[in-house]
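Peer 1: Spelled out from the first residue to the last, the chains are:
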Amino acid sequence: MNLANISDLAGALIGFLLTLMVFSYLIKDNPLFRLAIHIFIGVSAGYATITVFYNIILYRLISPLIQSPLSQIYLVLPPLLLGIWLLTKASPRLSHLGSPVVAFMVGIGAATAITGALSGTLFPQIEASINLFDLQAARQSGNNLAFWLFNAMVVMAGTITTLAYFHFGVRDRQESAGRRQPWIDFLGRIGQIFLVVALGGLFAGVYAAALNALIKQLTFIWDFIWMMLGTIL
Amino acid sequence: MADIRCQMCGKLNPSNLDVCQFCQARLRPVWESAQPEEEPLAGSGGEGDEIPEWLRSLRSPDMGAGETPSGSGLDWLSDVEPDEFAADAVKNVFDLEPEEKLDDWLSGAASLAEPESPKAEDSFDQVRSELSFLEETPFSSAAPEEEETPDWLDRFRDEQGEETPERMDFSPAGQEQPSPEEAPDWLARIQEAQMGDWSPPQEPASEPESWSPESQPEETVPEFTPSEEAPGWFTEPAPASEAGEEAFGEAEEPDFGAIFTPETQPESAESQQGVPDWLASLYSGQEEAPSPFMAEPEAAEPETPSAAEKAELPDWLSGVAETSAEPAAAAGGIYTAPLEDEFPQTGAEGEAAEESKPDWLSELEAQGASALEGQSPPPFTPAFDDFNLEEFSVGEETPDWLSKLEASSSAQPSEEAVAAFLFEGKGETPFTTEPPGEALPQVDAFTGLPEWLSEVTQAEEPEEHPEESGKAQALAPTELPAWLESMRPVEPAASATPFKDATDSRVERSGPLSGLSGVLPVGAHAIRAGKPSNFSIKLQVTEELQNRALLLQKLMEDESKPKPLPAPSAAPTPYLIRLGLFAVLALAVFFALFLGGGQIPLPVGKAIPQSLNDAYRQITTLPDNAAVLLAVDYSPGYVGEIEGAAQAVVQHLAGRGASLAAISTNPSGPALAERLLQNIDPALAAANQFHNLGYLPGGTAGLFGFAQSPEAMVPFDLQGKPFWQQEPLNPQLGIRNFAMLVVMTENAETARTWIEQVAPAMSPAPVLMVLSAQAEPMILPYYQGKPQQVSGMVVGLAGGAAYENLINRPGDSSRAWDAFSLLVTVSLAVLLIGSLASAALGAITRGKQSKVESSV
Chain A
20 MNLANISDLA GALIGFLLTL MVFSYLIKDN PLFRLAIHIF IGVSAGYATI TVFYNIILYR
80 LISPLIQSPL SQIYLVLPPL LLGIWLLTKA SPRLSHLGSP VVAFMVGIGA ATAITGALSG
140 TLFPQIEASI NLFDLQAARQ SGNNLAFWLF NAMVVMAGTI TTLAYFHFGV RDRQESAGRR
200 QPWIDFLGRI GQIFLVVALG GLFAGVYAAA LNALIKQLTF IWDFIWMMLG TIL
Chain B
450 MADIRCQMCG KLNPSNLDVC QFCQARLRPV WESAQPEEEP LAGSGGEGDE IPEWLRSLRS
510 PDMGAGETPS GSGLDWLSDV EPDEFAADAV KNVFDLEPEE KLDDWLSGAA SLAEPESPKA
570 EDSFDQVRSE LSFLEETPFS SAAPEEEETP DWLDRFRDEQ GEETPERMDF SPAGQEQPSP
630 EEAPDWLARI QEAQMGDWSP PQEPASEPES WSPESQPEET VPEFTPSEEA PGWFTEPAPA
690 SEAGEEAFGE AEEPDFGAIF TPETQPESAE SQQGVPDWLA SLYSGQEEAP SPFMAEPEAA
750 EPETPSAAEK AELPDWLSGV AETSAEPAAA AGGIYTAPLE DEFPQTGAEG EAAEESKPDW
810 LSELEAQGAS ALEGQSPPPF TPAFDDFNLE EFSVGEETPD WLSKLEASSS AQPSEEAVAA
870 FLFEGKGETP FTTEPPGEAL PQVDAFTGLP EWLSEVTQAE EPEEHPEESG KAQALAPTEL
930 PAWLESMRPV EPAASATPFK DATDSRVERS GPLSGLSGVL PVGAHAIRAG KPSNFSIKLQ
990 VTEELQNRAL LLQKLMEDES KPKPLPAPSA APTPYLIRLG LFAVLALAVF FALFLGGGQI
1050 PLPVGKAIPQ SLNDAYRQIT TLPDNAAVLL AVDYSPGYVG EIEGAAQAVV QHLAGRGASL
1110 AAISTNPSGP ALAERLLQNI DPALAAANQF HNLGYLPGGT AGLFGFAQSP EAMVPFDLQG
1170 KPFWQQEPLN PQLGIRNFAM LVVMTENAET ARTWIEQVAP AMSPAPVLMV LSAQAEPMIL
1230 PYYQGKPQQV SGMVVGLAGG AAYENLINRP GDSSRAWDAF SLLVTVSLAV LLIGSLASAA
1290 LGAITRGKQS KVESSV
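Sequence order for the protein chains is A and B. When you number the first sequence by the working numbering, it's gap-free, plus one each residue, and the end is 252. When you number the second sequence by the working numbering, it's gap-free, plus one each residue, and the end is 1305.
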């Protein structure tokens, strides 16, 4: 940490105080913690606003509108109008004008997401699940064939049982009202085990990230204290 | 006053009631109850000669002495004016002259013999004269007449040897009534009515509500006083007999048995104390007496009174008795019995009665005879066609008096019978059920029993009456003249028998229609071969539904139950636990920092994950001066975890001489990119080796657009320089200008979006991931799958430390590796200890609960 500049010192000091204020939550909820939270949210929102305005509105709307020739203004007008119409959503009386814009945005986003999910995740993952049973690739990789197959079986079992766990369709019968079919229920219970393991792994990652954040802040505090002490001393 | 016995149910009711309090039947006729209860007439007992108001009302002011009063209770009597009868002949009947009428009718009644076929000439007069007693008799409130009474009536009184009034005063107040215990029931009722319960119907306009004999004008009313010839039954109590106590049926039959039984019938008029001769004679030889209740008129042939009986009847009455032989039923419910049947008298009495016959009666007889000459009375129709005494009577046995009464009454309806009452309009009689327009009922009061009495039929001889009535009503066929016969309308010949379908000769052999032919056949298909299935209507409730219902019920019950306060736990509060854990972790970090790091070896060799080695290899094999796109999409909160790995990768890329272009879909990404550049080498920016493209809006769509047209999406960098015209980029290539994509994010969704939207457009450029430990499980399939969508991953602080070790550039990750390792160890220890403690505490708690439940 280089505290040569006052700005850096001020920044460090503010950071140190904010860190302590956040750590004060260990005791209980207190105004210092809330102040720190509010500052964080405010700063984040402000910075995001400035970034969006600077990077988009100013450079991609206003500046082209001013600097572009008249023959190219038509390229800027549609975004301008759509943006103005989108702002009408804030008014209950004029919100109907922004509905087409919102619909346009939602439609494009949905289409993009769906196509990406299909082509980028679903199909490749299905192909990858099938390719797990590619014995030639297993031999080429030099891995143990038995282990390779076992791994493949486990992966496929986990995939099927996890999908069965999320199957909530039931038959419309009086004797089995509200109940799934027995075999689906059995597979779902196995998939529940895989889900538990996966969620455990995710939790471990989250905990590890939290530990890293703790280490980072404690290290910051340690460094700041030692710096201050070094500076003072 | 004595109670009144209901004729329907036989129960005693107070005398002041008009309707039975038990069965709601009327206790007295309607006209009796129309008048309020009045004081006994002052004329009773010989006191006062005033005519009661009702009687005066019968005679309107405009009427003369000989006119028939209108508006009286017996107005219907005066209204009867059949065509066959002259009105004048009847009018005088109701020409009340008290001094004469009572005596006359009574004397005439006493001379009545058994019912006989009445003469048409004088039968009507006789009937009317007989029925005139209804206005003046015990049912009337006529003042007793002090003048002469029939001898037979007086005779009755004398024979009894009791203190009888000089005159039989049948007015309600004028008569000396025998004691209720002694008198027959019917007589007792009559007496009670006389005493004030009954009063004749009066004209509403003229009649005062309260009537007293004293207030009445001095209008004499025929007063009936029993003479020495008065029948004994008038003055002496009825002999105690079972029949006498019966009014109708076993318990309701009137007490006529005491009077009319042959045993009680006196042998002579003088010796007859209880039953008048004329009445007793009804049972002596007349066994075909008509019943007032019979359905049809009696078919008994009219009988003429015997000579001996004729000798007993007064002359005026005997003549009527000969001519009137109609049964009581033939009178249509009206009293048709001849007066001689009611008041049979011996020869002496008859003579006395004949002598005492009032002039008006004689006049009536003469007028009636003249009016009836050549006239035939209308056919007789009974009033109660459907009535049968057997249905009405309570008991099975008919009382003796009734049977004898029927036996003595042999009067049959005759075509020559004369109606006792003339009506204004046909059918307008209160006692007949004959519909208007039909023939008037014939009433014969002189030749037969009273209507109500003559209709009492014998229970054991019901079959005779229909036959007799049929015979009586059967008309003798007559011969029509030829010309008249030819005019007879020819009626279409109706088939006597119904048409029978002979096509189907099948006869039904079973079922309710057995024996019938032409029944629709029942096919085999109509008969069910099997029993229909039973469908339970019971609600089908499965076990799961029951459990859910019980659960819901329990929830509802728990809502009302107060929840017990949780017991304070013996364990330390979470506050202390939280502080303790922080303290432990913080100490571990400070300890590691205090030690300066390097205490714990960095991951090397097989400890480095394969994904990290692949990432290192990809960067190592990157062409020189290649353009690399950096996606800085991690949030500021994950700087401590990702920034170390990111710095290591960027340093490696920078060492490879790659041209770096940072872009972010996060608004704080450009700032983090700048921080990253400053931490690595600030000179990179000056060397035009690092470009910050800023913020890319639109999320997934923005990435798609950037992948399709990056120059259009991001034409300038943050310094405002056109990026795509700079070397080594080729504006024509677009996104393909980049040889590698490095995505740095803590969010798995962001990483997937980059993989789905941008990586296909940059293919076959490798995609490296610098991820947080929480996103690794979600992105690992992209690395492990075939085809491989992610070439390498650097995950978390451990990956950063390992990558720094690979590139041999220690950084923040290497420094934090000791603290991280120590914290992970401490965390594992705390988790294990906590799990064991929680399990132990849970087991202890469950044990205690089970003990409590078992003890309960």
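Hints are supplied without guarantee of correctness; some may be wrong.
Claimed, not checked - Covered, in the sense of this in silico footprint (three residues per stretch, anywhere, with C-beta under 8 angstroms from a C-beta of chain A), are these stretches of chain B: (1) 998 to 1009; (2) 1195 to 1208; (3) 1263 to 1272.
Honestly, the hints are just simulated from the structure, not real lab data. Ideal Cβ positions, reconstructed from N, Cα and C, are used throughout, including at glycine.
Peer 1: Taking the hints in turn, state whether each one holds.
Peer 2: Status of the hints after comparison with the structure:
no.	hint	in the structure
1	998 to 1009	violated (count 0)
2	1195 to 1208	holds (count 7)
3	1263 to 1272	holds (count 5)
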